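> If you want the building blocks of each chain, they are given just below.
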Amino acid sequence: QKEVEQDPGPLSVPEGAIVSLNCTYSNSAFQYFMWYRQYSRKGPELLMYTYSSGNKEDGRFTAQVDKSSKYISLFIRDSQPSDSATYLCAMNYGGSQGNLIFGKGTKLSVKP
Amino acid sequence: EAQVTQNPRYLITVTGKKLTVTCSQNMNHEYMSWYRQDPGLGLRQIYYSMNVEVTDKGDVPEGYKVSRKEKRNFPLILESPSPNQTSLYFCASSGAKNTEAFFGQGTRLTVV
Chain A
1 QKEVEQDPGP LSVPEGAIVS LNCTYSNSAF QYFMWYRQYS RKGPELLMYT YSSGNKEDGR
61 FTAQVDKSSK YISLFIRDSQ PSDSATYLCA MNYGGSQGNL IFGKGTKLSV KP
Chain B
1001 EAQVTQNPRY LITVTGKKLT VTCSQNMNHE YMSWYRQDPG LGLRQIYYSM NVEVTDKGDV
1061 PEGYKVSRKE KRNFPLILES PSPNQTSLYF CASSGAKNTE AFFGQGTRLT VV
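Chains as they are written, first to last, in the numbering used here: chain A, 1 to 112; chain B, 1001 to 1112.
Read the hints as simulated data drawn from the structure, not as lab findings. No experiment lies behind these values; they were computed from the predicted model shown. Ideal placement from N, C-alpha and C gives every residue a C-beta, glycine not left out. Among the hints, a few may not be true.
Beyond 12 Å from chain B on every Cβ pair, some chain A residues (computed) [stated by the list, open to error]:
(1) P8
(2) E15
(3) T24
(4) D66
(5) K70
(6) Y71
(7) Q80
(8) N92
(9) K104
(10) S109
With a straight-line cut-off of 25 Å between C-alpha atoms, the simulated DMTMM-like cross-links for lysine to aspartate or glutamate are [as the list claims (entries may be wrong)]:
(11) K111(A) / E57(A)
(12) K70(A) / E1070(B)
(13) K1071(B) / E45(A)
(14) K1057(B) / E5(A)
(15) K1069(B) / D1038(B)
(16) K107(A) / E1100(B)
(17) K70(A) / E57(A)
(18) K107(A) / D1059(B)
(19) K67(A) / E1100(B)
(20) K56(A) / D1059(B)
(21) K42(A) / E1053(B)
(22) K107(A) / E1030(B)
(23) K1057(B) / E57(A)
What the simulated footprint calls covered on chain B by chain A, stretch by stretch (three residues with Cβ under 8 Å from a Cβ of chain A suffice, anywhere in the stretch; the number is not a length) [to be verified]:
(24) 1045-1059
(25) 1099-1112
My request is simple: use the sequences and hints to build the entire structure.
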C-alpha cells in the first residue's frame, strides 16, 4: 500500500459547484497535512496546511483532517474556472523528519 | 519578493553530457529539495538538504548529485544524463518544519 493515495481524476464540475478532493494515508505518524495547487506549466503552490486533526477554513477553501480514519479532504465552495488546476495533498512527520510525501494529484476542471 | 529560482527553464541535451540545474532561494530557508514530476507518478523526491553541508537521498536519487555549500543554493547535477531522466524538475525550499514548501517554476529536461 502506498503511503498516500489520491484519486487522479480528472474531475469536471460546473461553475458554482462544491468540490470535494480527498486523500487517504497509511502512516499514523504524519502530523502536518497540506494541500497544494498546481496550474499547468507552473510549480505547486501551497493552499493550506493543518496540524493534526480538525478543520481549517480560508475563504472558499476548507481543509479537513480525520486522523482516526487517515483521511484528509479539501472542499472548494462556489468553484470558479480559475480553480481549474491539479490539487496535490502532502503530509509529513514534522520536526527533523521533515520529508514531504505527496499524493499524485487530482486534476480539476471547472466549466463556465 | 520571496521566491525560488531555477535555471534553466527548458533544456534539451544529449545522453552522457553533464549538466547542472541551479536553484536559489531568498527566504533564508534551511530545508531544500529536488523533485521530479512524471505523468502518472506524481512528485518524487530526488534529494533533500536540511542545512548547509547536509544532504540526503530521497526516493529516486540514482543518477543525480547535489551539493549545499551555501544556504541559498542547491544545484542538481546530472553527471551522465540518460533518456529516462527526461522529466519536469522542481526545486523547493521551506523552513525547519517543512510545512510551507515554496516551489520554483520548474525545469523541463529532455535527454535524447
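> Hint by hint, note whether the structure agrees.
Structure-based check of each hint:
1. P8: violated (8 Å)
2. E15: Nearest chain B Cβ is 27 Å from E15(A), so the label holds.
3. T24: Nearest chain B Cβ is 15 Å from T24(A), so the label holds.
4. D66: D66(A) clear of chain B: closest Cβ-Cβ about 19 Å, beyond 12 Å.
5. K70: About 18 Å separates K70(A) from the closest Cβ of chain B, which puts it past 12 Å; holds.
6. Y71: Since the minimum Cβ distance to chain B is about 19 Å, Y71(A) lies beyond 12 Å and the statement holds.
7. Q80: holds (23 Å)
8. N92: violated (6 Å)
9. K104: With a cut-off of 12 Å, K104(A) comes too close to chain B, as the shortest Cβ separation is near 4 Å.
10. S109: Correct as stated: the minimum Cβ-Cβ distance to chain B is 17 Å, above 12 Å.
11. K111(A) / E57(A): holds (24 Å)
12. K70(A) / E1070(B): violated (38 Å)
13. K1071(B) / E45(A): Holds - the C-alpha atoms of E45(A) and K1071(B) are around 22 Å apart, at most 25 Å.
14. K1057(B) / E5(A): OK: K1057(B) and E5(A) at ~22 Å, within 25 Å.
15. K1069(B) / D1038(B): Violated - the C-alpha atoms of D1038(B) and K1069(B) are around 29 Å apart, more than 25 Å.
16. K107(A) / E1100(B): At roughly 21 Å apart (the allowed maximum being 25 Å), E1100(B) and K107(A) satisfy the hint.
17. K70(A) / E57(A): holds (20 Å)
18. K107(A) / D1059(B): Status holds; Cα separation ~24 Å.
19. K67(A) / E1100(B): holds (20 Å)
20. K56(A) / D1059(B): violated (30 Å)
21. K42(A) / E1053(B): violated (29 Å)
22. K107(A) / E1030(B): violated (31 Å)
23. K1057(B) / E57(A): violated (35 Å)
24. 1045-1059: holds (count 4)
25. 1099-1112: holds (count 8)
The structure does not agree with the numbered hints 1, 8, 9, 12, 15, 20, 21, 22, 23 stated previously, though it agrees with the rest.
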